[in-house]
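2 protein chains.
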Amino acid sequence: MRIALDCMGTDGAPASEIAGAFLTLQEQADDLTFVLVGDRVPIEEALRAAGSWRQGAVEVVHAPERVLPEDPPAQTVRRRPNSSIVTGIRLQKEGEVDAFVSAGSTGAVMATSLILLRPLPGVARPAIGTLLPTAAAPTLMLDAGANVDCKPHHLLQFASLGAIYAQDLMGVDAPRVGLLNIGEEPTKGDELSLEAFALLKQSNLHFVGNVEGRDIIRGVCDVLVCDGFVGNVLLKFYESVAAFTIKLLTRETEREGARMDLEEVLRVLDYAEYGGAPLLGVNGVSIICHGHSIPRAIHNAIRVAAQAVRTDMVGHIARDLRGEVDPGFPGPP
Amino acid sequence: MRIALDCMGTDGAPASEIAGAFLTLQEQADDLTFVLVGDRVPIEEALRAAGSWRQGAVEVVHAPERVLPEDPPAQTVRRRPNSSIVTGIRLQKEGEVDAFVSAGSTGAVMATSLILLRPLPGVARPAIGTLLPTAAAPTLMLDAGANVDCKPHHLLQFASLGAIYAQDLMGVDAPRVGLLNIGEEPTKGDELSLEAFALLKQSNLHFVGNVEGRDIIRGVCDVLVCDGFVGNVLLKFYESVAAFTIKLLTRETEREGARMDLEEVLRVLDYAEYGGAPLLGVNGVSIICHGHSIPRAIHNAIRVAAQAVRTDMVGHIARDLRGEVDPGFPGPP
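These protein sequence lines map, in sequence, to chains A and B.
Here the first sequence is numbered in the numbering used here, starting from 57 and rising by one per residue.
Here the second sequence is numbered in the numbering used here, starting from 57 and rising by one per residue.
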């Protein structure tokens with residue numbers, strides 16, 4: 057398996073990306089090759105600094121152009137053809153790699169994936185899925201920001217895409233699908249959620265009903281669907297609250313010289329544990345990481361990419377869209 | 057000043073409400089009378105249990121009828137005329153009390169306030185404001201759930217209502233108003249936020265622009281406006297994350313026998329510190345508390361009610377709606 061890794065995305069690029077790849081190779085070395093995309097010189101320096109690499113574990117593709125924050129995402133392909141994002145995704149389009157992982161601009165990765173990889177036939181709006189840590193298993197929330205002003209049928213499709221991700225990547229046989237809403241009752245919500253509720257209820261998904269903001273952290277569903285506006289607000293809020301809590305705790309721990317074992321607390325709140333948001337519904341594997349990703353987060357994103365390839369998640373989604381029978385879904389509970 | 061206190065709202069009613077009132081009277085005893093509304097016998101028992109009360113500090117109004125969770129909020133006035141909610145709000149309408157504080161059903165308090173107190177002339181949609189704890193001063197977010205499917209001009213009015221609350225209750229001279237959105241740039245967002253941005257930009261409010269989910273916890277604005285759908289999701293999510301973190305920390309502390317001083321962490325995350333969400337835009341003072349409110353949260357809600365009366369917040373809003381000059385707003389920065 058060959059994975060293109062954008063080495064110009066994180067705050068600590070390219071060292072963080074390369075350290076993430078190195079972590080992955082400690083675990084699964086045999087069939088994995090990284091195609092490191094970015095500025096060759098710093099990449100090669102970071103490779104040497106990281107340690108000793110198995111022969112054939114890494115290749116470097118020089119793509120030094122920067123995607124700037126002010127660049128319109130939709131014009132990345134045209135304006136920044138030699139950027140690591142465009143180069144890495146093009147490698148996948150051309151069959152040179154099986155997946156692409158990037159901590160670069162979410163908008164640029166998304167737009168470039170849509171343009172070069174294309175949505176799968178039948179997908180109205182590819183969506184960004186993101187794993188939210190909960191008290192139970194993590195919940196995949198989508199859309200996390202690719203689409204605002206969604207229609208009810210978009211939310212239904214997000215649910216289908218998310219359910220396949222949960223099957224293939226989270227190992228859940230019959231994923232519980234919830235609809236983010238402001239009350240449990242089917243009569244609660246805005247126009248969008250009222251209509252989406254009806255569509256989800258009629259679907260063959262394992263729909264568990266409305267999920268309120270307070271229920272998310274309990275892990276009451278495997279897949280949580282919402283409009284990309286509220287999903288994006290919620291995701292960024294969660295990340296910041298987690299980071300803030302960790303900072304407060306760290307400060308207190310230092311001040312008090314306490315030896316309290318906060319590992320469990322931090323593990324639950326720590327976003328890096330779940331690094332890597334898939335863009336679901338495109339004809340390829342495109343995993344988006346946070347710009348602040350530490351090596352462990354990159355490592356986790358690479359694992360997601362590798363497993364999406366191994367399980368042929370994209371083929372699974374395509375078969376589902378063609379209406380081919382999917383024994384994984386048991387129908388309404 | 058006379059404040060009607062619903063004594064049938066919290067999980068620990070009426071003891072929690074009465075303990076909250078007792079806390080308040082330790083601080084400000086002279087001009088305050090509580091009108092305790094609910095089932096007379098348990099109220100009088102709780103009064104005796106709570107301690108010794110100043111002569112004239114409390115009166116009891118018997119209103120034993122329960123508002124059930126399945127009651128449609130809009131029919132509370134007609135179906136539950138002898139409930140503590142309807143009785144307490146009617147007392148305010150009739151001028152018997154100056155404010156009403158309740159931890160009962162948010163929907164019932166809101167609908168009953170709208171029906172009996174009425175929106176102030178010119179208010180399209182009263183909104184629920186709620187204080188979010190942040191790393192800096194708390195932020196008033198509105199709407200927290202009274203209105204879904206808002207129009208841009210509703211968000212503009214929420215901003216005006218919230219700014220007056222921030223002046224009168226939070227002591228902020230020129231409140232910074234932010235618009236909850238998915239990006240900082242004016243071009244980001246859904247249709248609602250794009251249009252609301254333009255309206256806020258043109259207003260005489262101190263508009264500081266879009267605020268992302270990740271910025272909330274930093275306390276970058278005093279007033280944060282959003283549709284009631286996203287506001288409600290966010291509020292409930294925040295409460296649950298805070299509660300969850302506190303639970304994790306408590307468990308760890310017990311297990312490790314640590315002596316770490318978590319007071320600061322807990323204070324920031326502890327919602328009870330800020331108890332009491334005002335319904336802004338009605339002709340009266342109606343403060344809604346969480347059903348899980350502990351006495352300290354009730355106490356804080358009572359303080360909010362008392363200060364809203366002292367500052368004549370309702371009159372301030374009415375003058376603002378009539379377009380009378382308000383020197384507190386400096387205009388655009």
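Check each hint, because a few of them may be wrong.
Derived, one-sided and incomplete: chain A residues facing chain B with beta-carbon distance under 10 Å [unchecked claim]:
1) D67
2) G68
3) V204
4) P208
5) H209
6) K244
7) L248
8) V264
9) G265
10) E268
11) G269
12) G284
13) N288
14) Y294
15) F300
16) Y330
Below, simulated DSSO-like cross-link-like pairs (lysine-lysine); rule was C-alpha separation at most 30 Å, straight line [claimed, not checked]:
17) K244/A - K207/A
18) K244/A - K303/A
19) K244/A - K257/A
20) K244/B - K292/B
21) K292/B - K207/A
22) K303/A - K292/A
23) K257/A - K303/B
24) K292/B - K303/B
25) K257/A - K292/B
26) K257/A - K207/B
27) K244/A - K292/B
28) K207/B - K207/A
29) K292/A - K207/A
30) K207/B - K292/B
31) K244/B - K292/A
32) K149/B - K292/A
33) K292/A - K303/B
34) K244/B - K303/B
35) K244/B - K207/B
36) K303/A - K292/B
37) K257/B - K244/B
38) K207/A - K244/B
39) K303/B - K303/A
40) K292/A - K257/B
None of these hints come from the bench; they were simulated from the model.
All residues carry an ideal CB built from backbone N, CA and C; glycine is no exception.
TODO: Could you tell me which of the hints above the structure violates, numbers in ascending order?
DONE: Numbers 1, 2, 4, 5, 8, 9, 16, 18, 23, 32 and 34 - these are the hints that the structure violates, sorted from lowest upward.
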